Structures are given as C-alpha cells and as structure tokens.
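J.: One-letter residues, chain by chain:
Number of protein chains: 2
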Amino acid sequence: MKEDGKSRKADLREHLKVSILTLRLCPGADLDEAHLSDAFGLSRTPLREVFRQLAGEGYLDLRTNRSARVSEMSYTTLRDFFLAAPMVYGAILRLAALNATPRQIDDLKVAQQKFKEALRTGSPEDRALANNRFHEVTGEMSANVYLLPSFNRLLIDHARIGMTFYRPQSVEMTENLSEASRQHDAIIAAIEARDEAAASQLATDHWNLSRDQIALFVMPEALNVPMGAPPLSKPA
Amino acid sequence: MKEDGKSRKADLREHLKVSILTLRLCPGADLDEAHLSDAFGLSRTPLREVFRQLAGEGYLDLRTNRSARVSEMSYTTLRDFFLAAPMVYGAILRLAALNATPRQIDDLKVAQQKFKEALRTGSPEDRALANNRFHEVTGEMSANVYLLPSFNRLLIDHARIGMTFYRPQSVEMTENLSEASRQHDAIIAAIEARDEAAASQLATDHWNLSRDQIALFVMPEALNVPMGAPPLSKPA
DNA sequence: CTATTTTTTACTGTATACAAGTTGTATTTT
DNA sequence: AAAATACAACTTGTATACAGTAAAAAATAG
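Residue numbers (the working numbering), protein chains in the order written: chain A, 1 to 236; chain B, 1001 to 1236.
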C-alpha cells in the first residue's frame, strides 16, 4: 500500500530523476504524458506540473506543443562542464567547511558509507546515484541559495557523464573509483576540521580526477594494429 | 487585441517577473490563484504551470496545500549574495568576452542605451529593469548552461536589493548610478575587445560598487542630534 | 511517379467540475 | 473565561472532457 495517494507525484518525480541520472532515459528522449500518467495512476494535470518543475531543475526541456524531452548533452557539454565545475564546487566545499552542521556531517558520512557499499556490491547505476547523493549533501551544507542552482545542474550532468564514460571491468576505472572514494573521505575530514582551504583544494583535485579519466576515454591511445589485420576479438 | 490567446500565459509570466523584480510584489507575498486567473483570463491550470516554472527560476516558493509565495529575502541574503556574485559574475563576463557574437554585442549596446535613458527620464523601477536586462544579455553571451541558473538567480535578487536600498534624491545614489553606467560601457568595450581579464576585473569592480553603496545604507552615520532635541523635519 | 494539398490522427494545452485539505469561527466543555 | 472541538467557508490539488495544433497519411493534380 505504498502508493499512498499524495506520494504518487513524489514517486513520479523520483522515478524520472533516477532514470535520467542513470541514463535509463537518454538525453533527448521523448516522454509520453499518456503512458506515464497511466503508469503512475496520475492524471495529466499533476504530471505536467512535475514536468515543469523538473524542467526548472534542468532534468527536462519543454517545447510548446511538443513532447517533453530529457535535457540534451551536446558536444560542448564536457567543455562547459569542466569550465564551471571546479569553480562552483570549490566554492561549495569552502562554504560547506564553514557552515556544515553536525547533523549534516553525519548525513555525509552515511552517504559515503553507502557509496563504498555501492563500490563493492552495487551496479554502475547504484554507484552513480550514491556518488550523486554524497555531493548533494555537500551542496546542502553550503547553504547558499545562489550557488545551489548551478551546483545541482552540474550534479545532473556529472552523473550522466560518469555513466556515459563508465567502462566495466577496466583496471583504470576501478582504481579511479577507489581514488574518488579516498577523496570523499578527505572531503569529510576537511569539512569536519572546518578547513576551508583544504576543502577547496580537494574540490579541484576531485574534478581533475574526473577530467583526466574522461580524457583517457575521449582521446584513447590508438590501437596498435597493422593495417589490413583482422579486427580485435572484443577488447576487454 | 494584444491578448492574443496563447500569449496570455507569457503575459502573466512577464507581469509576475516584473512585479517581483520591482518589489511591487514584496518578498513573502501570497499569490491568489483565483484572482490572478481572473485578471489574466486564464484558468487555474496554465496559471499553476506558470507558478511551477517561476518557482524553478527562483521567483516563487511553492508549498503544498498553501498559496504560492514570492521568494523570501532573509537577513542572510545579502551575505550569501555578495559571497557568490563576484565569483559567478566574474566567470560570466570572462566567458562573455570569449564567446559573445556580434549580434549579442549589439543587444548589449541597445540594453545599455535603454539603461542610460532610464537613468535620465525613467522611474526607479525602469532603472532596475533596464539594468537587469543589461546583465541578462551578458549571461546569454556566456553561453554556459551550468553557470546561468545561479547567475539568473543572482539577477533576481540583485534587482530586488537595488530597489530595497534605492534612495531617491540622494547625491551618492546619483553618482553611484553614473559610475555603474560607466562600468557598463567599460564592460561592453572589454567584451568587444575579447579582453577576458579586463572583463573579469570589471565584474569585481561592479559588485564592489554595489556592495559599498549598500554598506552605506545598512550602516549609516549616526544622526548627530542632542538627546531631548525635537525630531528632524524630514531628512532630505 | 512525384509533388502538393487535404484529411485524418494523435498529442499538447486549457477549462471546468470535483475532491481533499486548511483556516477561521462558533459552540461546547471544563 | 479559557481551551478544545466541531463545523463552515475557502483554497489548493486532481481528474476529465474538450479545444487547438502539429505531424502523418491519403488523395488529387501535374
């Protein structure tokens, strides 16, 4: 009896958010109002209100007289992202170190615990969502209404970029995730120590890690195959 | 015959935005759905969609089963604002200098012309809106989807803060506005010259001007009136 | 057979009616 | 008289039916 009337709207919102963050709904995908309202037992009116809200948060794009779409990721996305992210996240972590409440620090530790658990036993989607939650909490800590809109927009595409460039069974990827987890621990320590300089530096480090990792996939080393040779039988 | 059906929704959106930016609708004010839908010839359904959208942009706060409210300005607003604004606007102007198209530069010049006109002949509301438009254009120039959400949120409260601390017939205020106008000219020049360093510096200067001006009003010089003296007959 | 126009179809946008919830007031109880 | 409860008026949330619009299909002209 979990579909408790008023929560169906929240359920829909959460479902769409998770689906978009994990790329189960691809950038540019069309959303069918009739189908979704049917699936969630909602009429189109509240459904469209959810669309409007998610559009405001950057999950969806709305065009008049056309179906709602999952917000696009263009070829300029990565550049724009890595231009803005270090600055915004540096500020967020600096403010988080200054303003975090004990309760929020507990939240962050819980989020990190779940992230580590997802690293061990979870799916790629679980990892992306747990990582997203960790950073969401740092955003809450910063408590600055003027930075959060951009930060939350960044988090959406951070998750999607991570899912896009995720390669299972890759040694570098596993090491990368371990390093990210260590950085999370360092971030928690810096915030708990109210060390704003360290927190800000860690933000930079954290994005550099992401960026370098992605650069490896965007610009891979060329395959060392003689011309005319048969194609490789599935690169691990 | 301007109420051309589909534009009533846009009219409502624009009306609410302008009313909020100019403080005709005060922070925290309740919005009556029935009254507004009546006034704009819209039913409550599209009206509520506009509310949702404006809430996403930071103009309104929505609470379930309660009326929509104009987003609040608390006592921490100014501090949060001046923490975030220089950084974000510095980045916006830097990117604007790098990316502005000739057409956008023309838009900016038009906006500045209208701002100067508002300085000469317009009301305080006209000035705030013209100034807001100028900065909106610089935001468009930056063309970075990750910075714009925060920047646009800043612009909303920039206009409201300006209206709050506006004092007519004040010499300092007049000088301040002239200086702001000169800075706008310099910003246009820096963007046109693709001088990102200058543009970024001008962003800092522009906010320092605002901040100093506001500091004067928040912490005024004490009135030099002997105890027991009659109250001043209206300070000019 | 192609191109253009018309008709159909499906989906988005809006209005209205109704259900659920909140708030203020009046009545009852202590 | 003060507090608590019940009721009434009003506001918000949802469902459904209908209108408007854009894409798709069919039909006609070249």
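Be aware that a few hints might be false.
Cross-link-like lysine to aspartate or glutamate pairs, in silico, EDC-like; alpha carbons within 16 Å at most [to be verified]:
(1) K114/A - E136/A
(2) K9/A - E1049/B
(3) K1009/B - E49/A
(4) K1009/B - D1030/B
(5) K17/A - E125/A
(6) K1116/B - E1072/B
For the record, the hints were derived by calculation from the structure and aren't laboratory data. Just so we're clear, the structure is a prediction, and the values are computed from it rather than from any experiment.
J.: Next step is simple, just say for each hint if it's right about the structure.
T.: We went through each hint and held it up to the structure:
1. K114/A - E136/A: Given that 16 Å is the threshold and the Cα spacing comes to 14 Å, the pair holds.
2. K9/A - E1049/B: Status holds; Cα separation ~15 Å.
3. K1009/B - E49/A: Cα-Cα ~15 Å, so holds.
4. K1009/B - D1030/B: Violated, at about 19 Å.
5. K17/A - E125/A: 12 Å, holds
6. K1116/B - E1072/B: Roughly 30 Å separates the two Cα atoms, so the pair is violated.
Checked against the numbered hints listed earlier, the structure breaks hints 4 and 6; every other hint is satisfied.
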